[in-house]
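Engineer: In case you want the letters, here they are:
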Amino acid sequence: MKALRNFFDKIKPYVEEGGKYHAFRSLVDGFETFAFVPNQTSRVGSVNIHDAIDSKRIMSFVVIALMPALLFGMYNVGYQNALVAGQLENATFVGMFLYGLLAVLPKIIVSYIVGLGIEFVVAQWKNEEIQEGFLVSGIIIPMIVPVTCPLWMLAIAVAFSVILAKEIFGGTGMNVFNPALITRAFLFFSYPAAMTGDYTVWVSQSSIFGCGYNAPEAITTATPLGQAALEGFSGYDSATICNAITGLIPGSIGETSFIAIALGGLLLLWTGIASWKVMLSVFVGGALTGWLMQACELTEIQWYEHLVLGGFAFGAVFMATDPVTSSRTECGKWVYGLLIGFVAVLVRVLNPGYPEGMMLAILFMNLFAPLIDYCVVQRNISMRAKRAINK
Amino acid sequence: MAKVIKLRKGLDINLKGKATAEVTTVKCPGEYALIPDDFCGLKPKVVVKEGDNVLAGDALFVDKVHPEVKFVSPVSGTVSLVERGERRKVLSVRVTCDEQQNAKEFNTDGDVKALLLESGLFGFFRSRPYDVVANPDETPKAIFVSAFNSMPLAQDFSVALKGQEQEFQAGISALAKLAKVYLGINPAQKELESTTDCEVTVFDGPAPAGNVGVQINHISPINKGEVVWTMSGEEVIFVGRLMLTGKVDLSRVVALAGSEVIAPKYYKVKVGQKLTTLLEGNVNEEGVRVINGNVMTGLKTTKEGFLAAHATEVTVIPEGDHADELLGWIMPRFNTFSTHRSYFSWLLGSKKEYAIDARIKGGERHMIMSGEYDKVFPMDIYAGYLIKAIVTGDIDRQEALGIYEVAPEDFAIAEFVDSSKLELQRIVREGLDILRKENA
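Residue numbers (our numbering), protein chains in the order written: chain A, 12 to 402; chain B, 15 to 454.
Quick caveat, the hints were computed from the structure, so don't treat them as lab data. Honestly, I wouldn't trust all of these hints.
Straight-line Cα separation of at most 25 Å, PhoX-like style, residue types lysine-lysine; simulated pairs [unchecked claim]:
hint	chain 1	residue 1	chain 2	residue 2
1	B	K41	B	K282
2	B	K402	A	K137
3	A	K288	B	K389
4	B	K282	B	K176
5	B	K191	B	K155
6	B	K402	A	K288
7	A	K23	A	K137
8	B	K78	B	K103
9	B	K155	B	K238
10	B	K261	B	K23
11	B	K17	B	K389
12	B	K402	A	K397
13	B	K204	B	K282
14	A	K397	B	K155
15	B	K41	B	K261
16	B	K127	B	K191
17	A	K288	B	K155
18	A	K397	B	K261
19	B	K118	B	K41
20	B	K317	B	K41
21	B	K194	A	K397
22	B	K317	B	K103
23	B	K20	B	K365
24	B	K194	B	K32
Keep in mind it's a predicted model, so treat the numbers as computed, not measured.
Let the sequences and hints guide you as you build the complete structure.
Structural biologist: Set out below in structure tokens:
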């Protein structure tokens, strides 16, 4: 510890203003504040003591909450690969996990290098500290794309979203849209073939470094929702519901397992990082709309199946609850969540061309969150104005 | 029975080094200082010269805009120094006190306001909006007195009140001649429930329930164009003493508290007293922060500083600037206090006492988490939105969101819990100052 402290003390003069390596200030500063809690004490005129919570710890806990879904996603990538290759009986748990790790790790690395790289440059340019927001976005992004998504596409999409959806607005805390979802939306509209295409994208069908199996031929593997959209009600198999809860279905890397997502969700709720109001109301909104659609005989998918299939649970737990882009008022959170659930199921059921509605629902409501808040805050303002008149 | 208002929002922080209810008297220590900056919004004009002899109650400086508002010497003696800083700003006026203390006599029969102005006690009124020294030309809607301070390690007013009940009542009765007086007490202060000439309200809840701003918001919120005056409990005792004896006696019972104090207890001192008289031999030597006031709203000073005019406690905590804590973002940090459940304070119960140092423990960020402030802000105001309106300089929106009702101290707990580490009290203070200039 002492050695590390000395190391930072030694290199600091070089990166400070006027130093030889000033261009690396944000980088050194970022690593130093991660290694040590800043020793800076509060100024005169502000509160003298502070709660130990900071945004580093909050973001780290979100990353921890994402781990069950990520690890399960890796296993599922291997499992799906063995399944399409018809080698399920020969595959081992470790083998399948290792395959998934090899398939997913490059995506995580690319996402972090591109995203954090831009963040460091911007922090250096604006002479600010590096912000931690991308630690979360950077791990969510690989989890919400198909496993076969090419790395170059991912890199372009990450750069697009970090620059245009976040930094342009002023960085973490100022963005209107969830950067991870913007990445996915960018991929979805720019490279539709790679994102859903002919339904071969959801399962990795070739071996990596000798790990996993080559599928005998390109096999079409739709997600359960895709199947339902593609083939109508007849193509939809209700038995998949159990697999959707455990997560052994094709889909984006991190979204498939309801159980793994629920574990992360519990941690987020327990630590209070995610708003329980948003999380609950998304599920309630989705369930009510699903039930309504079913009652109107527009779909055969049961209301509870909507909640476990596709990206609904992942979106509700990890993305709708993003504190920056969701409603900031307590009343607003209810409205915001309910409408996300409503719009997501509405898109799923009524739009035949697009089986999944969660991404669009959250982005759409990100757009409306400030309006919802405006209405809530306006009520307080009118009350105050009225009080002044009636005094 | 007094009306009881229950407050849910807020936060009580259990800090180490609470003062025991034992009161020690400190001998006259030589030098006293009255600091103009303690009276917010004041432009001081010094009316004494170095070498002048003053009595306790003689003016040292006055307000340039309202020269009738005087700020008087707490002791009799010789003016030893008029300390000036950059651009000749008056930093303090110091008086070396005499062996024999003499106080100026005031006639208490006349108009109360004129008497308070003459005796320098009017300067202890603060007015809202803006949380500044009151303007004698204005007529307040009401006068609010909070008889308790709910901030961590703050003075327990009951200790200060002991033996001064008569003075307190006399003070309240005098204030009642200026405007309607509201007195806010906590459920433990049964002895104050029978105070007359005022409306007593009991506030039951965590900090900042003792903040007069919170109490105003629940009793009679301030509308645009209205003015209320506030005074702390001990300052009401000053007024009472003046009414009963005709002399100004700025003696306070302050708490010396904090984890770095060897024997935390109460001291009977005067406003402007040199802190060395309290601290010498009673605090740890190295790496401490001495705070004039409590940890939430007090100002950092030095061991050689002077007791601030409004301070009812002196707190000494570790500075912590050499803590070098490793990997704060993931370590369990069992001895660290946090309201957040990613730490373990919730597990250790509310009985555990913490020694919190002065580190910010994080970097300043934009507002990321939502609802953090609202949980500890027991007023009908959207704190986060108000802060944003102040930061963006949108005066109409600040007014609409209720800036006239708040003072920096109301944001202290919110600033403590803020994960984005924004300096809320400073933001609000600057916002109020700008607004005051605009509205002048």
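Engineer: None of the hints should be skipped; say for each whether it holds.
Structural biologist: Status of each hint after checking the structure:
1. B:K41 <-> B:K282: 9 Å, holds
2. B:K402 <-> A:K137: Given that 25 Å is the threshold and the Cα spacing comes to 21 Å, the pair holds.
3. A:K288 <-> B:K389: 15 Å, holds
4. B:K282 <-> B:K176: At roughly 12 Å apart (the allowed maximum being 25 Å), K176 of chain B and K282 of chain B satisfy the hint.
5. B:K191 <-> B:K155: At roughly 13 Å apart (the allowed maximum being 25 Å), K155 of chain B and K191 of chain B satisfy the hint.
6. B:K402 <-> A:K288: 23 Å, holds
7. A:K23 <-> A:K137: 19 Å, holds
8. B:K78 <-> B:K103: 13 Å, holds
9. B:K155 <-> B:K238: Given pair K155 of chain B, K238 of chain B holds - Cα atoms ~12 Å apart, limit 25 Å.
10. B:K261 <-> B:K23: 42 Å, violated
11. B:K17 <-> B:K389: This hinted pair holds, its Cα atoms lying about 24 Å apart.
12. B:K402 <-> A:K397: 23 Å, holds
13. B:K204 <-> B:K282: Distance of about 24 Å is within 25 Å: holds.
14. A:K397 <-> B:K155: With Cα atoms ~18 Å apart, K397 of chain A and K155 of chain B stay inside 25 Å; holds.
15. B:K41 <-> B:K261: 20 Å, holds
16. B:K127 <-> B:K191: At roughly 9 Å apart (the allowed maximum being 25 Å), K191 of chain B and K127 of chain B satisfy the hint.
17. A:K288 <-> B:K155: 40 Å, violated
18. A:K397 <-> B:K261: 46 Å, violated
19. B:K118 <-> B:K41: Roughly 21 Å between the alpha carbons, so the hint for K118 of chain B and K41 of chain B holds.
20. B:K317 <-> B:K41: Cα-Cα ~17 Å, so holds.
21. B:K194 <-> A:K397: Holds - the C-alpha atoms of K397 of chain A and K194 of chain B are around 24 Å apart, at most 25 Å.
22. B:K317 <-> B:K103: Roughly 23 Å separates the two Cα atoms, so the pair holds.
23. B:K20 <-> B:K365: With Cα atoms ~22 Å apart, K20 of chain B and K365 of chain B stay inside 25 Å; holds.
24. B:K194 <-> B:K32: 35 Å, violated
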